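Please build the complete structure, drawing on both the sequences and the hints.
Below, each chain spelled out in residue letters.
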Amino acid sequence: AQSVSQHNHHVILSEAASLELGCNYSYGGTVNLFWYVQYPGQHLQLLLKYFSGDPLVKGIKGFEAEFIKSKFSFNLRKPSVQWSDTAEYFCAVKPGGSYIPTFGRGTSLIVHP
Amino acid sequence: ETGVTQSPTHLIKTRGQQVTLRCSSQSGHNTVSWYQQALGQGPQFIFQYYREEENGRGNFPPRFSGLQFPNYSSELNVNALLLGDSALYLCASSLETNSREQYFGPGTRLTVT
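So the sequences go chain by chain: A and B.
With the first letter of the first sequence counted as 1, position 45 gets the number 45 in the numbering used here; the numbers rise by one all the way through.
With the first letter of the second sequence counted as 1, position 74 gets the number 74 in the numbering used here; the numbers rise by one all the way through.
Derived from the structure by calculation, the hints contain no laboratory data.
It cannot be assumed that every hint is accurate.
Said to hold, decoys possible - Subject to a maximum C-alpha distance of 20 Å in a straight line, what follows is the list of computed EDC-like cross-link-like pairs (lysine to aspartate or glutamate):
| no. | chain 1 | residue 1 | chain 2 | residue 2 |
| --- | --- | --- | --- | --- |
| 1 | A | K49 | A | D85 |
| 2 | A | K58 | B | E101 |
| 3 | B | K13 | B | E96 |
| 4 | A | K49 | B | E96 |
| 5 | A | K49 | B | E101 |
| 6 | B | K13 | B | E101 |
| 7 | A | K61 | B | E75 |
Computed from a predicted structure; not experimentally measured.
Shown next as structure tokens:
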């Protein structure tokens with residue numbers, strides 16, 4: 001069974017700092033990759049997804065992620081965070097052809113104004 | 001907001017009791033997936049329903065069961081509740097079983113005492 005590792009469980013940044021959240025997975029075949037965000041008191045929502053093509057994916061709110069197949073990684077980045085980015089971030093992996101995603105345990109991001 | 005609704009918002013039950021959680025999918029979506037999110041963890045796939053049939057199941061015992069109705073709304077039933085069943089239960093709807101995007105509801109917080 002595949003697994004997803006999010007190495008940073010808690011990240012604290014000041015506004016305007018750059019962000020990179022790590023995500024590694026263990027599955028050797030074709031994968032579909034996702035980053036979800038859960039703002040305080042809100043539902044889980046999709047930030048961005050990768051299915052095929054350009055490994056650099058741009059999502060909403062200035063986020064992007066890069067799929068590096070050789071490293072089994074899909075790290076999330078943002079050049080300059082804002083206080084409103086304070087949230088829980090989840091990486092998820094779905095083997096190609098499967099409908100069952102595996103989520104990482106999440107990274108809690110706190111951005112100080 | 002995604003258009004996916006869940007009820008109730010919060011629920012407190014005693015060990016050994018049974019509980020039913022409800023989910024209304026987004027308009028036009030025929031697939032509903034249920035997840036369990038324990039505190040400090042990512043969502044874990046329970047099962048998926050497609051056109052009123054269970055379409056796949058994660059690593060959960062048979063006391064977790066579900067239903068999907070002709071209008072595509074869904075129920076999650078848990079029998080013989082254990083303390084470890086305390087979690088946030090999320091449902092997500094999508095257009096098809098292997099859709100590229102699923103939309104999450106706000107969740108039901110279940111506490112078992």
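Right, here's what the structure says about each hint:
1. K49(A) <-> D85(A): Distance ~18 Å between K49(A) and D85(A) Cα, so the pair holds.
2. K58(A) <-> E101(B): Between K58(A) and E101(B) the Cα gap is close to 15 Å, so the pair holds against 20 Å.
3. K13(B) <-> E96(B): violated (33 Å)
4. K49(A) <-> E96(B): holds (17 Å)
5. K49(A) <-> E101(B): Holds, because 9 Å separates the two Cα atoms, which is no more than 20 Å.
6. K13(B) <-> E101(B): violated (33 Å)
7. K61(A) <-> E75(B): Given that 20 Å is the threshold and the Cα spacing comes to 34 Å, the pair is violated.
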